[in-house]
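Here's the letter readout for the chains.
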Amino acid sequence: MLKTLRFGTRAFNQNLNTITRTYCTRYTKDHEWVNSLGSQNYRMGITDFAQRQLGDIVFVETPSVGKTASQDDPVSVVESVKAASDVFMPMDGSFTSVNQDLEGSPELINEDPMGEGWIAEFKSSKTDQFNSLMTKSQYDEYTKH
Amino acid sequence: MIRLLRLNRFPILKQLQIEEALYRTPNAGNWIIINNGTPEPIVIVGATGKADKLVNLDEVESRGIQTMKRFSGGGTVVADENTLFTSILLEFETLKQLFPTMSSSTPSLISSTSSSSSSSSSSSSTSINVSNIYPKDIMNWSANSFYKHVFHEHLDFTLQENDYAFGKQKFGGNAQSFSKHKFLHHTSFLYDFKDDHMMACLKQPDKIPEYRQNRDHLSFLCKLKDRYQSKDHIINNLLQTINNLPTSPSIKEVTLKEAEQFLLNPHPKSNQLFDYNLKNWKDIINEYNPIIKN
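So the protein sequences, as listed, match chains B and E. The working numbering puts the first residue of the first sequence at 1, with every later residue one more than the last. The working numbering puts the first residue of the second sequence at 1001, with every later residue one more than the last.
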């Protein structure tokens, strides 16, 4: 019975993560994703679609903690085998942390772009900007064309 | 309009500083830059900049050769007066106007692409949506729609993964930078090179293209001088290709001074020089980026 309980809990948590991601994640036209962490905190990265287009990621230049940026400012550079591509700020805000693991393991972006391959976290009061970004279904439609 | 800047034996370090300024300045316009060689040999690594992994630093230092890191992605090259540099900096909107339907693959030209490429699987020309343009699309476009015409005399011209080659021998290496509204695609063409510099200065990189098949530098590379009697011939082909671009955009030849104006705009500066004493990268301090005393 304990095994059943544990299995049920794990499945519940996985479903909860999926639901959370579905409702709290938005997408930009430049293929960034933004996850609301609550209390005006957000986490960002590039989407699975973007990492597939770029190919093997070999280096990530993360933003500086404390840096303030406006929506659409280039804030990070992701380098694949032949191209250095800008990553853009999805909303006005200031950076509170960056993913240190990317320094030694940039391939995390290829392996788990929506999870362990996150790039940075920031604080923003611009809920309206978040809400105006694409939902998952809108982004899926966008990337079809 | 596309601005054309022609340089002759202009230091590539300064050229890259200008290109970074053009790339980072909003509304800088469209540019094509051709530079016939750089006066002194120099090792150029891509933005990743792991100098110790890519370059035999002690050897390079003993030969009095500088090592720089450029702001764009891509591999490592030893450049000198026999390297021909071309850079294409275009706004995506301009690319759309010039080539409203771009083919994502042309089987006769593309020999192989990396496994991560999703567009290489089509067996015939496929129009792609130019509102979503990615590095591999520009790489394919550059070969199919531009450099195929520059090297039209040679039917074995091909794009091997990310390199321009005759058959399986590379003669041109590419690097790109992508931003919201524009891209930069620049190429080092090996008209000639000192065999000794290549072998001694560069290490075999960790990640190599499949088609290289573990060949050393001299077996993998070829020289344009074995196919063209002069660099001028290639430059003339380049100019002809530019003048024959579809929809005939206006091409305005500009002076170095006009390009240098963009250096005055505040912009991030990522090009760096390697300090052999400190064993680290340092900012470039020169007339383009002087130390400002407060």
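Note that these hints are calculated values from the structure, not bench results. Even glycine gets a Cβ: it sits at the ideal position worked out from N, Cα and C. Certain hints may be false.
[What the hints assert, rightly or not] Think about it this way: if two alpha-carbon atoms lie no more than 25 Å apart in a straight line, the pair counts; the simulated DSS-like pairs of lysine-lysine are:
#1 Lys1279/E / Lys1053/E
#2 Lys1282/E / Lys1269/E
#3 Lys1148/E / Lys1053/E
#4 Lys144/B / Lys1168/E
#5 Lys126/B / Lys1223/E
#6 Lys1096/E / Lys1180/E
#7 Lys29/B / Lys123/B
#8 Lys1231/E / Lys1053/E
#9 Lys1223/E / Lys1168/E
#10 Lys1168/E / Lys1231/E
#11 Lys1050/E / Lys1269/E
#12 Lys67/B / Lys1180/E
#13 Lys67/B / Lys1269/E
#14 Lys1148/E / Lys1225/E
#15 Lys1050/E / Lys1203/E
#16 Lys1279/E / Lys123/B
#17 Lys144/B / Lys1148/E
#18 Lys1252/E / Lys1194/E
#19 Lys29/B / Lys1148/E
#20 Lys144/B / Lys67/B
#21 Lys1223/E / Lys1203/E
#22 Lys67/B / Lys1282/E
#23 Lys136/B / Lys126/B
#24 Lys136/B / Lys1203/E
#25 Lys1180/E / Lys29/B
#26 Lys1168/E / Lys1194/E
[Stated by the list, open to error] Ranges of calculated distance between the beta carbons of each label pair, as one might list FRET restraints:
#27 Pro1290/E / Thr68/B: 23 to 29 Å
#28 Ser97/B / Ile1208/E: 34 to 40 Å
#29 Ser64/B / Gln1261/E: 25 to 31 Å
#30 Ser94/B / Glu1061/E: 37 to 43 Å
Against the structure, the hints come out as follows:
1. Lys1279/E / Lys1053/E: 13 Å, holds
2. Lys1282/E / Lys1269/E: Holds, at about 11 Å.
3. Lys1148/E / Lys1053/E: 33 Å, violated
4. Lys144/B / Lys1168/E: 35 Å, violated
5. Lys126/B / Lys1223/E: Between Lys126/B and Lys1223/E the Cα gap is close to 56 Å, so the pair fails against 25 Å, i.e. violated.
6. Lys1096/E / Lys1180/E: 14 Å, holds
7. Lys29/B / Lys123/B: The given pair, whose Cα atoms are some 21 Å apart, holds under the 25 Å limit.
8. Lys1231/E / Lys1053/E: Violated: Lys1231/E and Lys1053/E sit about 32 Å apart, past 25 Å.
9. Lys1223/E / Lys1168/E: Holds: Lys1223/E and Lys1168/E sit about 13 Å apart, inside 25 Å.
10. Lys1168/E / Lys1231/E: 22 Å, holds
11. Lys1050/E / Lys1269/E: 18 Å, holds
12. Lys67/B / Lys1180/E: 20 Å, holds
13. Lys67/B / Lys1269/E: 17 Å, holds
14. Lys1148/E / Lys1225/E: Holds. Lys1148/E to Lys1225/E sits at ~18 Å (cutoff 25 Å).
15. Lys1050/E / Lys1203/E: Since the Cα atoms of Lys1050/E and Lys1203/E sit roughly 11 Å apart, the hinted pair holds (cutoff 25 Å).
16. Lys1279/E / Lys123/B: At roughly 37 Å apart (the allowed maximum being 25 Å), Lys123/B and Lys1279/E break the hint.
17. Lys144/B / Lys1148/E: 30 Å, violated
18. Lys1252/E / Lys1194/E: 35 Å, violated
19. Lys29/B / Lys1148/E: Violated - the C-alpha atoms of Lys1148/E and Lys29/B are around 32 Å apart, more than 25 Å.
20. Lys144/B / Lys67/B: 34 Å, violated
21. Lys1223/E / Lys1203/E: 20 Å, holds
22. Lys67/B / Lys1282/E: 22 Å, holds
23. Lys136/B / Lys126/B: 20 Å, holds
24. Lys136/B / Lys1203/E: Violated: Lys136/B and Lys1203/E sit about 44 Å apart, past 25 Å.
25. Lys1180/E / Lys29/B: With Cα atoms ~10 Å apart, Lys1180/E and Lys29/B stay inside 25 Å; holds.
26. Lys1168/E / Lys1194/E: Satisfied, since the Cα-Cα distance of roughly 20 Å is no more than 25 Å.
27. Pro1290/E / Thr68/B: 23 to 29 Å: 28 Å, holds
28. Ser97/B / Ile1208/E: 34 to 40 Å: 35 Å, holds
29. Ser64/B / Gln1261/E: 25 to 31 Å: 29 Å Cβ-Cβ, so the 25 to 31 Å window holds.
30. Ser94/B / Glu1061/E: 37 to 43 Å: Taking Cβ atoms as reference, Ser94/B and Glu1061/E lie about 41 Å apart, which means the hint holds.
Violation of the numbered hints given earlier is confined to hints 3, 4, 5, 8, 16, 17, 18, 19, 20 and 24; the remaining hints are satisfied by the structure.
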